[in-house]
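Peer 1: Construct the complete structure from the given sequences, taking the supplied hints into account.
Each protein sequence line maps, in turn, to chains F and V.
This note's numbering puts the first residue of the first sequence at 5, with every later residue one more than the last.
This note's numbering puts the first residue of the second sequence at 122, with every later residue one more than the last.
Just so you know, these hints were derived from the structure itself, not from any lab.
Treat the hints loosely; a few may be bogus.
Claimed, not checked - Here are the simulated DSSO-like cross-link-like pairs (lysine-lysine), alpha carbons at most 30 Å apart as the crow flies:
1. F:K98 <-> V:K203
2. V:K351 <-> F:K281
3. V:K402 <-> F:K215
4. F:K67 <-> F:K98
5. V:K351 <-> V:K536
6. V:K351 <-> V:K468
7. V:K402 <-> F:K281
8. V:K203 <-> F:K67
9. F:K281 <-> F:K70
10. V:K203 <-> F:K259
11. V:K132 <-> F:K70
12. V:K538 <-> F:K281
Below are the chains, spelled out letter by letter.
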Amino acid sequence: MKKILTSLALLGLVVAGTAAIAEEEHNAAAPTHFPINEPKEMSWSFAGPFGTYDKAQLQRGLKVYKEVCSACHSMNLVAFRTLEGLGYSEAQVKTLAAEYTIHDGPNDAGDMFDRPGKPSDHFPAPFPNEQAAASANGGAAPPDMSLLAKARGVERGFPRFVFDIFTQYAQGGPDYIHSLLTGYDQTPPAGMVIPEGTHYNPYFLSGVSLKMPKPLSDGQVTYDDGSPQTVDQYSRDVSAFLMWAAEPHLEDRKKTGFRVLVFLLLFGALVYLTKRKVWAEVAH
Amino acid sequence: MSEGHSTYTPKTGLGRWFDARMPLPRLVYDSFVAYPVPRNLNYMWTFGGILSIMLVSQILTGIVLAMHYTSDTTLAFDSVEKIMRDVNSGWLLRYLHSNGASFFFVAVYIHIFRGLFYGSYKTPRELLWILGCIIYLLMMATGFMGYVLPWGQMSFWGATVITGFFSAIPLVGNWIQELLLGGFAVDNPTLNRFFALHYLLPFMIAGVVVLHIWALHVVGQSNPTGIEVKSKTDTVAFTPYATIKDAFGMIVFLFVFAYFVFYLPNFLGHPDNYTVANPLKTPAHIVPEWYFLPFYAILRAITFNIGPINSKLGGVLCMFGAIAMLFLVPWLDTSKVRSAVYRPWYKLFFWLFVADAILLGWLGSQPAEGSYVFMAQMATLFYFAFFLVVMPVLGLIETPRRLPNSITEAVLEKKNKGAGGHPAGAVSAPETKG
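Peer 2: This is the structure we're talking about:
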């Protein structure tokens, strides 16, 4: 075993060495690798083996989504009924759904009609189709937000991705969204070319700038629980909400996982002791 | 170890009735109870059993997922999300299945490296080894097609890149590619046939697994010393000895598997696959699943033309050649000694090869530019040199260490040595107790 460990250690050194050689020089005005800045690692209530969603935070995040993001971003996969997961009662969800107008039909007469939303409806999209969304937003359709927190993530690189296994780092998506939302208003390095109609953001995953202008400003959304009404707080809340939207069964998953691992640990210990007993008389 | 007649004696009237008509209980008894296994097998030998439970787990979760999945390009992505959100325990089934594929490959790579280290492919186990290689090949096809089914960005673009390889083959390449795709580009016919094949191939794997186990039961298991079983004292009965040890190995493996399923279910996946496939938008870096990365690095390492072979065809040939090497291993290794335990030089090169494979995997995940290309070329060179130069030459020039006369002798030697050094027995390192 010692030999295997030594070999593995050597192997790690070889890989680390080559990684260092591969590091390339870098020009601030014309970066070749994105994002320019890595996302800031925030502390999230849903991180770690016992992580749970902070329901008050999710409700605030929903408010930010409803009042700001939903003007351009759809959330096609999320049904109103699932909002009970944010701590709302059935009646509250009904009221919330009824605030939306859903285009439905055809009815018995063959006509399309509008009706108030029901809990079984999904969030209606702000644009009738992708082309309309693109044309209203300077040529790029704003992405659907249902899975955004799992669909975005900056590569962690060696050796960090190895440590991530032990620290259970799985918050790359919300970290990225939070950093992007708080990463506007910065001055680009001298000489950097920012294409017309785009906005510099050093946290953007695939370029120096993006089409979306700074979406949030201090005091824009009114919180009634006394939380600070700042861009940073809005960004945290909406990132947490988007994580919930992408992974609504996260709490269930982690809770089940803990039971499974405890069971396997105890069962494994018993089987190991049995194995010792069975093999005790046999040299091997 | 097919020699030695069956010791099964049915105890009940019903048992005798069955035994005279269809001796299935006898087959099970002879294969999984009385079957003699070398007494010195270490935990590396538990991966066969681990692979069987992974195959069963993949088939079971897969069948239930198929009940909820829709293989239509306009519905596939949403149907997977429906499973994740609305199907009872759907998230669990889906994460078990997607991470199960990864851990199936983790186990198969350990199993293959075990075989390479202990020379398990040497006569009379060539066919056993080749059947294993066929299983591995089928697994790769199954894994690749399964990754296409969620119809995310990486599904689509991975399928586009990988089916594109076939167009490099002269004369029939385009025809093969169109046959695979069911058209000229990855589209609905591709998704449908991949789903059909993804459902079919695991049962073919199960079939070849039966052949693999059959061949194993004819020639018997190899063991860490590489010395054939010579007498009854070299072996122990499968049950309880191997059963309980396999069970412990499986539980440890399942523990790691469960850790990923429940705490890091997306660690081994790519974020882009949570964006629905868009044929008009190419991702910045198209990367396959991690278990294909070494071969992907080899494919991209060939950036130059060799005579009439252009770089694309050269890359494809090298990639398939890298897998073909495995099939040839029984004849490439010229050593008379099986186990690397007694081959100091082979042991060194074996670990260099492991390092090389991991390096290739890492290079496969990086963009093919700058110094990465040169590193990938060197690593590819070593990959092939290991099989084509090191294996044949070392066998001829290496002086192996002294081999024990039998498994029993090796075991007792180790026990006496162990008794001197560690009077309390191996309390701290169960894995070395093997």
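Peer 1: Next, verify each hint and record whether it holds.
Peer 2: Hints, verified against the model:
no. : hint              : result
1   : F:K98 <-> V:K203  : holds (22 Å)
2   : V:K351 <-> F:K281 : holds (26 Å)
3   : V:K402 <-> F:K215 : holds (16 Å)
4   : F:K67 <-> F:K98   : holds (16 Å)
5   : V:K351 <-> V:K536 : holds (19 Å)
6   : V:K351 <-> V:K468 : holds (25 Å)
7   : V:K402 <-> F:K281 : violated (60 Å)
8   : V:K203 <-> F:K67  : holds (25 Å)
9   : F:K281 <-> F:K70  : violated (63 Å)
10  : V:K203 <-> F:K259 : holds (21 Å)
11  : V:K132 <-> F:K70  : violated (73 Å)
12  : V:K538 <-> F:K281 : holds (22 Å)
The structure shown violates the earlier hints numbered 7, 9 and 11.
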